[in-house]
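**Student:** Read off the chains here:
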Amino acid sequence: MSAMHPSTPTPAQPEMILLISDEMTQDQGLLQLLLDAGYCVHAVASACEAVDFIGTETGVGLLLVATQACLSADIERFRQIVDDYLPVIVISRIIDDELMDRYQDADIDSYMVRPVNFRLMQTKIKSAFRMRRLYQHEFNLRKQLISYYQNVEIEQELAAKIYNTVFQGNLLRTEAVNAVMSPLALFNGDVLLVEKTPDNQLYLFLGDFTGHGLSASVAAMPVADIFYGMARKGFALPDILREINSKLYGILPTNMFLAATAVGFYPDSQTLSLITCGLPEHFIVNVRDGWHTTVKANNIPLGITEQIDLELKNFSVDKHHRLFLMTDGVFEAENPLGEAFGGERVLDAIKQNPNDGIAALRASLHRHTRGLNQKDDISLVELVCDVDKIPRESSKEKQSEHQPAALHWKSSMEFGIDALRIVNPVPVLVNSLMEIQGLKRHRQAIFLIISELFANALDHGVLKLDSNIKSTSDGFMRFYQMKEDRLANWGQGGIRLSVSHRPTPEGGQLTIKVMDSGDGFDWKMRHQTLDCNEGFCGRGLKLVETLCSSLTYRGKGNRVTAVFNWKK
Amino acid sequence: MSFESKIESGTLYIKIGGRFDFSLHKEFRDASNLIVADILKIEVDLAATHYLDSSALGMLLVLRDKIAGNKESVVIKGATADVRKILQIANFDKLFSIV
Numbered sequence: 000m001s002a003m004h005p006s007t008p009t010p011a012q013p014e015m016i017l018l019i020s021d022e023m024t025q026d027q028g029l030l031q032l033l034l035d036a037g038y039c040v041h042a043v044a045s046a047c048e049a050v051d052f053i054g055t056e057t058g059v060g061l062l063l064v065a066t067q068a069c070l071s072a073d074i075e076r077f078r079q080i081v082d083d084y085l086p087v088i089v090i091s092r093i094i095d096d097e098l099m100d101r102y103q104d105a106d107i108d109s110y111m112v113r114p115v116n117f118r119l120m121q122t123k124i125k126s127a128f129r130m131r132r133l134y135q136h137e138f139n140l141r142k143q144l145i146s147y148y149q150n151v152e153i154e155q156e157l158a159a160k161i162y163n164t165v166f167q168g169n170l171l172r173t174e175a176v177n178a179v180m181s182p183l184a185l186f187n188g189d190v191l192l193v194e195k196t197p198d199n200q201l202y203l204f205l206g207d208f209t210g211h212g213l214s215a216s217v218a219a220m221p222v223a224d225i226f227y228g229m230a231r232k233g234f235a236l237p238d239i240l241r242e243i244n245s246k247l248y249g250i251l252p253t254n255m256f257l258a259a260t261a262v263g264f265y266p267d268s269q270t271l272s273l274i275t276c277g278l279p280e281h282f283i284v285n286v287r288d289g290w291h292t293t294v295k296a297n298n299i300p301l302g303i304t305e306q307i308d309l310e311l312k313n314f315s316v317d318k319h320h321r322l323f324l325m326t327d328g329v330f331e332a333e334n335p336l337g338e339a340f341g342g343e344r345v346l347d348a349i350k351q352n353p354n355d356g357i358a359a360l361r362a363s364l365h366r367h368t369r370g371l372n373q374k375d376d377i378s379l380v381e382l383v384c385d386v387d388k389i390p391r392e393s394s395k396e397k398q399s400e401h402q403p404a405a406l407h408w409k410s411s412m413e414f415g416i417d418a419l420r421i422v423n424p425v426p427v428l429v430n431s432l433m434e435i436q437g438l439k440r441h442r443q444a445i446f447l448i449i450s451e452l453f454a455n456a457l458d459h460g461v462l463k464l465d466s467n468i469k470s471t472s473d474g475f476m477r478f479y480q481m482k483e484d485r486l487a488n489w490g491q492g493g494i495r496l497s498v499s500h501r502p503t504p505e506g507g508q509l510t511i512k513v514m515d516s517g518d519g520f521d522w523k524m525r526h527q528t529l530d531c532n533e534g535f536c537g538r539g540l541k542l543v544e545t546l547c548s549s550l551t552y553r554g555k556g557n558r559v560t561a562v563f564n565w566k567k
Numbered sequence: 000m001s002f003e004s005k006i007e008s009g010t011l012y013i014k015i016g017g018r019f020d021f022s023l024h025k026e027f028r029d030a031s032n033l034i035v036a037d038i039l040k041i042e043v044d045l046a047a048t049h050y051l052d053s054s055a056l057g058m059l060l061v062l063r064d065k066i067a068g069n070k071e072s073v074v075i076k077g078a079t080a081d082v083r084k085i086l087q088i089a090n091f092d093k094l095f096s097i098v
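Order-wise, the sequence lines are chains A and B. If you count by numbering that gives the first Met the number 0, then the first sequence holds residues 0 to 567, one letter each, in order. If you count by numbering that gives the first Met the number 0, then the second sequence holds residues 0 to 98, one letter each, in order.
Keep in mind that a hint or two might mislead.
List time: in silico BS3-like cross-link candidates among lysine-lysine, alpha-carbon distance up to 30 Å [said to hold, decoys possible]:
#, chain 1, residue 1, chain 2, residue 2
1, B, 93, A, 295
2, B, 70, A, 312
3, A, 232, A, 318
None of these hints come from the bench; they were simulated from the model.
Model the full assembly from the supplied sequences, consistent with the hints where possible.
**Tutor:** This is the structure:
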């Protein structure tokens, strides 16, 4: 085979030439020459015989028609039987209009005039076989391609079902979050995760993997697992991101990463906390007065380094605030001139109609791109910072079916300052309580009680922070900055936590004792001021008090006992 | 687009013109195979680059990984405003020395 057709393979068996001749005496010489040249040739006398032969013998690859008694319809019939590309060369005494008319509809490959020039004949035979092999090769490729596409489609359908269960099934649906995601293909390089923690905080995660399709969606699975698993257990946002980062660092190849932003909306303090890792800017807009601020990413994307330093950005918000998050597909969406949509147009669109920012943004984006296909995935997410829009139940608070009998047990733990610096033991502790016995139905209440008492012991006891700082919204941020700084540098202190449980006729009684190394506080005074406390602090304890059957401070105020009664 | 690379006294110089995206994948892989023990520094000249996408960021990360040095080991220089913006969004100044 010549270099021009490197991919057309030689057939496994030599192609057979079928000669139809009604003047066999005259064509005997031609037949002999073909045999001498190494071809496999069979001769028949009529179209009828040819039909019989083709019907029983496979491998006929070329037809030489040397009879006038073979019509277009016959040739069509041969080709139907062969069910393949069958080249036909017509041999005739004269090549005239009558001959051409006769085979007008038969797609004849070539004509030869008698007496046959054998060298010319050989060239035409070779060319016909070459065409046939090319056709077969292309046909096979197409068949492979079609079956490949069908397989991929089936696989993708299955994968999409699994993918949707993991992502859509877990996604917390809430009026507070509006999202539009346009998948580039069946799968998307973008990931949106929303969940609520046991203490009613809303966590949102928007990510954009480098690349699209399978690799991106496979890597998204563990991200969703970690996010939902840890959020439901009440882990802090930075802990969740660090876990995702280290997981992705382990599984992603060097050139792949996840640009993402995690948002925590804390309804009690009306604070929005953002950890931005490599996504383009986000916008917080106040729909009442048109105020806005741009939030730029200040951390590297996830999955690049083994350890990641995460800086948080906190914003004080009320129900008029909207947070808009987008992946880079929105910014890079091009118009027919190749101009990117860009941050300014994003902001303009949102500010035109901030109450329905997503719709405004989509409309503007559509006008810009004129409906052209986009190169990247486009995801738009809006978070409405309205406490009343956050559901009070988490999306998948799995209830334990069976309720084992209440048991007697007791457990105690102590955390030194070194341990407190690196770990928040509350989620782990609450989880282990859930494992010990069927307290799952009370997870939220127990989590709230323990985390509130623990936070008080840490903030005011060990770190000696004054809760009065929190009395303004500005101070609220300052308080947490101070907490972070002190926690990193504090030299001493510790917290002891003990939990005991005993059965009661109605169910059980859980007693939680927290003792810290601090100076305590005037707990006798607190009762007098609590009822009128409407500030940023103090509400936590009040909540704990309503959940518990008793909450008692002892000693100088550095020891507290909470009793929680539960019913079967 | 264009791609040039050369090694001079222990430094690998890479210069990219036009669009820096996935189409340079092969050139980049070949260049990153040049990174052996005696290469101590990589200088990527982006002065003539007018666009880079996330796969380009990925390729820069591969260089960083191969040389396995500190932040100063890979220098990205001459980036134009548009390109610099993309590097900034990804906070690559924390991983590379951008001059």
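**Student:** Now tell me, hint by hint, if it's right for this structure.
**Tutor:** Taking the hints in turn, this is what the structure says about them:
1. For the given pair, residue 93/B sits about 15 Å from residue 295/A by alpha-carbon distance, which is consistent with the 30 Å threshold.
2. A hinted pair counts as satisfied when its Cα atoms are at most 30 Å apart, and residue 70/B with residue 312/A qualifies at roughly 25 Å.
3. Among the hinted pairs, residue 232/A with residue 318/A is consistent with the structure: their alpha-carbon atoms are about 27 Å apart, no more than 30 Å.
Comparing the model with each numbered hint stated earlier shows that all of them hold.
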